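Asks: We have chain A already, so just place chain B on it with the hints.
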Amino acid sequence: MLFKLGRFLMTPGAKLALLVFALAFPLLAANEYQVYVMASAFVWAIAVYGLNVITGYCGQLNLAHGGFFAFGAYALGLLTADWGWSFWPALVAALVVSAVLGFLVGIVSLRLKEHYFAIFTLCVGFIMYLLIDKWEELTHGPVGVRDIAAPYGFGLVDFTETTPFYYLVLAFLVFTIWFMGRLSRSLLGRTFVAIRNGDELAQSLGINLMRNKVLAFVLSTIFAGLAGALYAGMVRFIGPEDANILHTFDMITYLLVGGIGTLMGPLLGTVGIVWVTQSLQFMEEYRMILFGPLLVVLVIFFPRGIAGQFLSWMHQKARTLVPAKKAKASKVETRESGEAKTHA
Amino acid sequence: MLKVEHLTKMFGGLAAVNDVSVEFEAGKINAIIGPNGAGKSTFFNLISGLHQPTSGRILLDGVDVTHMPSDKVARLGVGRTFQTTNLFEQASVLDNLIVGHRLRTRSGLWDVLINSQRLQREEKAARDKAMEALDFVGLTHVAGEFIADITQEERKRVAFALALATDPKIVLLDEPAAGVNPEETQGFAELMRKMVDNGLTVCLIEHKMDMIMSLADKIMVLDHGEKIAEGTPEEVRNNPVVIEAYLGGEDDAAA
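Chains as they are written, first to last, in this note's numbering: chain A, 253 to 596; chain B, 489 to 743.
No lab work stands behind these hints, which were simulated from the structure alone.
No experiment lies behind these values; they were computed from the predicted model shown.
Incorrect hints may appear among the rest.
[What the hints assert, rightly or not] Okay, the calculated bits of chain A under chain B, using three or more residues with CB under 8 Å as the criterion: (1) 441-450; (2) 458-468; (3) 552-563.
[Said to hold, decoys possible] Have a look at the derived ranges for each label pair, beta carbon to beta carbon: (4) Arg606/B to Leu313/A: 44 to 50 Å; (5) Arg463/A to Glu493/B: 28 to 34 Å; (6) Trp565/A to Gly719/B: 54 to 60 Å; (7) Gln540/B to Arg434/A: 33 to 39 Å; (8) Tyr538/A to Gln540/B: 56 to 62 Å; (9) Ile602/B to Leu271/A: 18 to 24 Å; (10) Leu313/A to Asp549/B: 38 to 44 Å; (11) Met540/A to Gln674/B: 31 to 37 Å.
[As the list claims (entries may be wrong)] For the chain A half of the interface with chain B, some residues (derived, Cβ under 8 Å), not all of them: (12) Leu453; (13) Gln455; (14) His567.
Think of the CB as a built atom: it goes at the ideal place given N, C-alpha and C, for glycine as much as any other residue.
Just chain A, with the same shape it has in the complex:
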């Protein structure tokens, strides 16, 4: 029964159902605030999808991700508020800025491996925060940026209202997931995963490490910048706190809970945690007392996150249930009992 439900969840039909739900959500929501919360969850989810490329697929723990998110937000905010650009050209410019910066940071930082890379990017993230906070001539420093333009609706829709903006973000999110789905199944996605499995093995398979790592990094910063720009267009007021390193760790938490290196993990983790946090809001600061242990339990029992655990579970079920594989299954059992003996 559960298995059948699970099999349905793996079909395109389930994704379609999810999309229908997302489309109907503004009608189902109790109030506008819930729509707003969902829209902001989607914005963060886009950023987490970016993080999933470099950290999930390619295996490089990037701790500057929040910095790129903030730079995307500031690029859009400053161009529209100070330079008088309209939203859409500013969005394109924000993506270009994210890509160029990602490339420059990437070619330097990706020379380092593993925890050295993580520490280096942690510093990069902090420098990005400092730049925003201290370069007052450009960024207004701690005062922040006000009067950021909302997306221009071409006279058809008013994106300063919550629901139209929700649909706009949803459209970007759908594109993001579509792109990630295609990427993860492609030879390029497989190349990233090969690098995660090991630098030396990947090289011996003829994979150019630097080129592919930089590409994954730039992709991740573009999606971080996209999410940041959408965030700026939504809240229309940004400050240096948006570059706080804590946002990076929030995103890593979303990714781990949802399932690192999976297609639906970033969405499940982000939306799930945002709503749990919202529903615990009444506890104010004390919500961490509940939230902390919950995370620990999740990490202990579902180390691969919700999506990862689900996929493993489905695979195990399929191996034992599908009759066509009976012969193979019996062979597996013998082997397992053999292994059990060795362990005993």
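Replies: Same frame as chain A, now just chain B:
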């Protein structure tokens, strides 16, 4: 096929590989033996470009590959396996193998975005190649299994298949039969014969003497980074220097 001239690799003041010259012929099984720490794996790393030699030359079919990065060396036809191969545990055997043919494809980000003809063609080619390699090592029946669910011996075969999927001319196998039982060891010996029969050149590092002696066409013996002997199994077995340095009292057991 593969010609190595005066190859030296210094790690600080220590010569891990010291002035080694050797030539491996095409279509033969070449073995490298020697005690632990003799520099065997370093020798492989130098050939495959993971390490840059301090001095000396490496020629592959007459092409100087001495200072080439490893991904280029792989593209020129040097495949290899490692003592341990990290694979994606929660993905199927086939999924892990498809990337093996990546180096013969050219699709990039743009192809992914527009789902180009080229990408589709190359993905099919990579998948077919993976199945072919899987068939070669005799593992088609576990193609759909997760790596986490297959045996140690099957994992080793998957690592072989991954190297084969790169379309190599020569394969460097680092202790292919380590940690498997005698019966399985025999299976790996047969697999290497099959590789050679299919026109590949095999070069392996191994500690299992009985296997080497019956399998190899040529043996090179390394000790403390230096080549102390080279020849057929018969010559090496009877070489007093080798007996002294390496085989010692185990000579009888090896024979």
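Asks: Would you mind marking each hint as holding or not holding in the structure?
Replies: Here is how each hint holds up against the structure:
Counting residues of the segment 441-450 of chain A whose beta carbon lies closer than 8 Å to any beta carbon of chain B gives 8, which reaches the threshold of three, so the coverage claim holds. Counting residues of the segment 458-468 of chain A whose beta carbon lies closer than 8 Å to any beta carbon of chain B gives 5, which reaches the threshold of three, so the coverage claim holds. For the segment 552-563 of chain A, the stated coverage by chain B holds: 3 residues have a C-beta nearer than 8 Å to a C-beta of that chain, and at least 3 were required. Checked against the hint of 44 to 50 Å, the pair Arg606/B and Leu313/A fails, with Cβ atoms roughly 33 Å apart.
For Arg463/A and Glu493/B, the hinted distance range of 28 to 34 Å is satisfied, since their beta carbons lie about 31 Å from each other. At about 56 Å, the beta-carbon gap between Trp565/A and Gly719/B stays in the expected band of 54 to 60 Å. Look at Gln540/B against Arg434/A: about 37 Å separates their beta carbons, and that is inside 33 to 39 Å. Hint check: Tyr538/A to Gln540/B, Cβ distance near 57 Å, so the stated range 56 to 62 Å holds.
In this structure the hint that Ile602/B and Leu271/A lie 18 to 24 Å apart at CB holds, the actual value being about 22 Å. Between Leu313/A and Asp549/B, the C-beta spacing of about 41 Å keeps the proposed range 38 to 44 Å intact. Evaluation of the 31 to 37 Å hint for Met540/A and Gln674/B yields a failure: the beta carbon distance comes to about 60 Å. Interface restraint check for Leu453/A: the shortest CB-CB distance to chain B comes to about 6 Å, inside 8 Å, so the restraint holds.
Hint on Gln455/A holds. Least Cβ distance to chain B is approximately 4 Å, under the 8 Å limit. Checking His567/A against chain B: minimum C-beta separation of about 6 Å stays under 8 Å; hint holds.
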